[in-house]
Amino acid sequence: MSAGGDLLDETAARHLREPWDQLRLAEGRAFALQRAGATFGIWIFIASEVLFFGALFLLYTAMRLEHAADFAAAARETNIVYGTLNTALLLTSGLCAAIASQASEREGLRRLTLWCLALTAGLGLAFMVVKGLEYREDIERHLVPGAGFALKERATQLFFGFYWLSTAIHAIHLSIGIGLVLRLIWKEWRAPGFLFESPQVEVAMLYWGFVDMIWIVLYPMLYLDGRGG
Amino acid sequence: MSGASSDASTLANPRELDLGLPVSYLAEGHSVRSWLFTTDHKRIAILYALSITFFFFIGGAAATLVRLELFTPQGDVVGADTYNKLFSLHGIVMVWFFLIPSIPTTMGNFLLPLMIGARDLAFPKLNLISWYLNLAGGLLTLAAVLAGGIDTGWTFYVPYSTVFSNTFVTLAVLGVFVSGFSTIATGVNFIATVHYLRAPGMTWFRLPLFVWSMYTTSLIFVLATPVLALTLILVIAERTFGLPIFDPARGGDPILFQHLFWFYSHPAVYIMILPAMGVISEVITCYARRRIFGYSFMVYALVAIAVIGFFTWGHHMFTSGMSPFAALVFSFLSFIVAVPSAIKVFNWTATLYRGQIGFESPMLYALGFLGLFTMGGLTGLFLASVPIDVHVQDTYFVVAHFHYIMVGASVSAYFAGLHFWWPKVTGRMYPESWARFAALLMFFGFNLTFFPQFIAGYLGMPRRYYSYPPEFQVWNVLSSSGAAVLAVAYLMPLGYLTWSLFYGSRALNDPWNASGLEWRTTSPPPRQNFFGNPQVLAPPYDYHPEATPPGDEPRIAEEGALT
Amino acid sequence: MSGRPRKAADGIWLRGLVVWALLLALLGASLVAAYAVPAPWTAAINFGIAATQAGLVALLFMRLDRADALVRLAAACGLFWLAILFVLTLTDTLSRLANS
Chain A
1 MSAGGDLLDE TAARHLREPW DQLRLAEGRA FALQRAGATF GIWIFIASEV
51 LFFGALFLLY TAMRLEHAAD FAAAARETNI VYGTLNTALL LTSGLCAAIA
101 SQASEREGLR RLTLWCLALT AGLGLAFMVV KGLEYREDIE RHLVPGAGFA
151 LKERATQLFF GFYWLSTAIH AIHLSIGIGL VLRLIWKEWR APGFLFESPQ
201 VEVAMLYWGF VDMIWIVLYP MLYLDGRGG
Chain B
1 MSGASSDAST LANPRELDLG LPVSYLAEGH SVRSWLFTTD HKRIAILYAL
51 SITFFFFIGG AAATLVRLEL FTPQGDVVGA DTYNKLFSLH GIVMVWFFLI
101 PSIPTTMGNF LLPLMIGARD LAFPKLNLIS WYLNLAGGLL TLAAVLAGGI
151 DTGWTFYVPY STVFSNTFVT LAVLGVFVSG FSTIATGVNF IATVHYLRAP
201 GMTWFRLPLF VWSMYTTSLI FVLATPVLAL TLILVIAERT FGLPIFDPAR
251 GGDPILFQHL FWFYSHPAVY IMILPAMGVI SEVITCYARR RIFGYSFMVY
301 ALVAIAVIGF FTWGHHMFTS GMSPFAALVF SFLSFIVAVP SAIKVFNWTA
351 TLYRGQIGFE SPMLYALGFL GLFTMGGLTG LFLASVPIDV HVQDTYFVVA
401 HFHYIMVGAS VSAYFAGLHF WWPKVTGRMY PESWARFAAL LMFFGFNLTF
451 FPQFIAGYLG MPRRYYSYPP EFQVWNVLSS SGAAVLAVAY LMPLGYLTWS
501 LFYGSRALND PWNASGLEWR TTSPPPRQNF FGNPQVLAPP YDYHPEATPP
551 GDEPRIAEEG ALT
Chain C
1 MSGRPRKAAD GIWLRGLVVW ALLLALLGAS LVAAYAVPAP WTAAINFGIA
51 ATQAGLVALL FMRLDRADAL VRLAAACGLF WLAILFVLTL TDTLSRLANS
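Chain order of the listed sequences is A, B and C. In terms of UniProt numbering, the first sequence is numbered consecutively and its last residue is 229. In terms of UniProt numbering, the second sequence is numbered consecutively and its last residue is 563. In terms of UniProt numbering, the third sequence is numbered consecutively and its last residue is 100.
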């Protein structure tokens, strides 16, 4: 279709940057290569983040193996309602992110893309609000390691040290994700048509999916242990 | 000068015709802005070269003070706490702000696109961000030093670093943390570049070994550094936020810190040697006028070192209290990782066989590398053996071993590459006799510094001590004297290479009659690297094949008679 | 012309919602398992559920199922290297625990 072809050429011209524009290939082919390069690049970064969070999870595993009973006792004190609600929020945001990514690759789905991006960011922000409420409750219940800690077994403080650390690191990554999504919305507002086929959408949405995956693994670690099963 | 060259003084080689070609990358923009906001991989390589040289001399200054203190058995130059801060500074700066970036960010950045026939790296803006992250990390660490220093050693062992030390641990750790992102970004860039931007005809098994070494190093960058990042966060979390993580008094396991730390730091030593190996393959082939012996096995060896290197980290922990069973597993794996390194040494030696060997300065550094790397590697095998390690762990034997590899091998290779590619990067030739003298002085000074340390360590002298029993003094005096010689040998290239920038003769496009795409463009190259589009038609190392008589021609035509 | 994008949108939504429903069902299952399944098994089941959910997100939301081999290799390397970290460290942790 010539209409589709023109739109693609415009898109390639909009997004093509050095050195991909100097490969002596047709614009469309060069752009496809640039997109593939960007996707590959973000997956390499995700692999590195797997090791980053994986090391954190190793810490949890080693500590839990050494102090199984205390960890169960401590995990009972986390708020499972907030935790499960947050998990559902993030899973839904993952749905919106996946749809936004796919919609941005098809003509005529600009509004769907924008709505899904906005929902993704919105659900992410909702997660942060719930987390904030949860943190406030944890502080009131003296679940911060140190003097005045609520539980008496020593290793329960190790669990809560991990809890605060891992949720904080996750929250930082989530904030970066929210920032990336808001930036995409802003760029589309400034230059309509920016999102169509933009490699930046795929990159941001893959990052978001990964942050989602981290929480999926964190949830059973923090909330599902020691519930009396 | 701007625009196409029109008079003889702006030509790379005045004897070449003026074809109205684009200017070199150095001439395109002279403002500070054009350098600090560049996305040209060649300029970024120069920015890195400046920053790592700066950090090298800071780390070197710390080493000078350490060796000065160790001239005498008593602690008389600095106090004990200051001494701890000095060796910590030396280790942290040399490892993270000199050695790890050195070859990859300077030569890797400059040469990788050139060697594969590309215009730039896959993500040029990310490359610039890498440099800024590296600089920011370095400045944070420097701030920690200026504020009063850190005394935990470069290894930050817990619980000392997290609970007991009264120095600027968090600030220094933050500096290293930030620089880690720089290396991860570089790794992503290099890997994507090699996969996607090779010129037509440049298949994987036609890549120069230097490119393979950059690729495998990048794998380590991407897979090991994140674990360090997390580990450093854990140190900050325990120290600054008081969260219980490793403190045994609160139920933590200090050995877990060591596992996490060394999971990165052992592959980190391969980050420091693989690029050096890549450089040596390029230099030895050129100056022996021979193709590399066993190209495929050289590739497999690079990959094997990068991969198996991830399985061996426990050999740093044999005396930590880890389980003897795990110690045996790590010891076995550590013996295995020596095999691909040995294969490489055999292949370099075989490359020399029946070659037309010349002793140009890069070759002197490369030959030095061969000997020093072999010594360092063999002593590594001693350390991989648990019964021996139990005796020499935390002694100068270990210090000598790793300096033989990191300084003897890696730094020699860095200088070999610096000299080999200097004409390409700057368009100038350096004074060869000064360079040869510096290379020989460095080899001599290095051995004088570090060989006595093997003896001192074997005889029992502990590391990280500022005073020692008098029976070790003779070895320490030899070592400190060697350090003085080494210091001169390091200052010399700083001198003559800088001189060459202003007064050196202009280099030809291919002064060494070398093989490789980087030599098929001008010295220095233009911004877009090549004129026209390179296409690769033959395997690498297109040198004089074995058993062909050399005839009357000199090895390297431009040099004239055999040197 | 507006028909094709609408159908494409519906296709995307449908696939997405199926995966989302599966993910939430698994979430529910893990909640139930935490309270109802006896102690030694709950960790295995819950982490197994988490791994399944992560797999669904990776394959279907992050589209690893239709990605090129190179991308899948990158993802696999992340997991493999993580396995090295876990296995070798745990040989030490577990053998010290067993012998203490």
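Read the hints as simulated data drawn from the structure, not as lab findings. Keep in mind that the hints are not guaranteed to be accurate.
[What the hints assert, rightly or not] Taking lysine-lysine and the BS3-like style, the derived pairs with C-alpha atoms no more than 30 Å apart in a straight line are:
hint, chain 1, residue 1, chain 2, residue 2
1, B, 125, A, 187
2, A, 152, A, 131
3, A, 187, A, 131
4, A, 187, C, 7
Just so we're clear, the structure is a prediction, and the values are computed from it rather than from any experiment.
### Message
Just to be careful, I want the Cα atoms of residue 187 of chain A and residue 131 of chain A compared with a cutoff of 30 Å; is the pair within it?
### Response
29 Å, holds
### Query
Under the criterion that the straight-line Cα-Cα distance not exceed 30 Å, is the pair residue 125 of chain B, residue 187 of chain A satisfied?
18 Å, holds
### Query
Are the Cα atoms of residue 152 of chain A and residue 131 of chain A separated by 30 Å or less?
Within the cut-off at roughly 25 Å; holds.
### Pairwise hint evaluation, residue 7 of chain C against residue 187 of chain A, where the allowed Cα distance is 30 Å at most
27 Å, holds
Every hint from the earlier list agrees with this structure, and none is contradicted.
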